[in-house]
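Colleague: Sequence:
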Amino acid sequence: MTKTTRTVKNTGALVAAAAVTALVFPAQAHAAAVACGGGVSTQNIGARGCISAERWQDGRIYWRDITAHALLTNSRAHASWVEYEAYSTTDGSYWDKMGSGRIIVERRSTIGPIAIASTTRLCDTTKVTIRVHVRPAGGVWSNWSSAATSQCQT
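Residue numbering for the sequence shown follows the numbering used here, starting at 5 and increasing by one per position.
The reader is advised that the hints may include incorrect statements.
[Stated by the list, open to error] Pairwise CB distance ranges, derived in the manner of DEER restraints:
#, residue 1, residue 2, range
1, G105, G42, 39 to 45 angstroms
2, Q61, G143, 41 to 47 angstroms
3, Y98, D62, 22 to 28 angstroms
4, T123, R64, 18 to 24 angstroms
Derived by calculation from the structure, the hints in this document are not laboratory data.
Bear in mind the structure is a predicted one, so any value in this text is a computation, not a measurement.
Backbone N, C-alpha and C fix where the C-beta goes; we use that ideal spot for every residue, glycine too.
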């Protein structure tokens with residue numbers, strides 16, 4: 005592979021990553037920033053849970069669309085199937101499963117953020133928290149990586 009071919013491939017990969025990020029996270033005036041939690045890992049598979057919320061209005065009522073995301077890292081020497089789940093809560097006492105999925109993560113790479121699931125809630129003074137955990141194929145679940153938003157508290 006020539007140096008020019010590598011440069012073109014690398015540039016294309018960067019442009020594609022930027023485009024995917026732009027599609028995943030809303031850029032409208034009412035969109036809250038994406039908040040990511042700390043990293044957790046199990047068997048060289050790492051995860052960060054992230055949350056985004058977009059506020060919108062229907063008549064006189066404000067709503068928010070909340071999306072749970074995961075950023076997955078595989079530091080293994082081989083590709084691995086990774087399962088992930090996301091749960092949400094508004095008061096910390098009851099966790100509601102938002103969604104789950106499974107994806108192959110190439111060796112020594114990071115993918116995401118992957119949108120796991122979305123939910124729509126009324127805007128109120130309640131903070132919404134999501135938590136994400138991962139499990140490599142045949143492995144054990146990681147601890148939780150949490151993220152929260154108070155986007156409607158303005």
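Colleague: Could you work out which of the previously given hints the structure breaks and list their numbers from low to high?
Modeller: Of the numbered hints given earlier, the structure breaks just one, which is hint 1.
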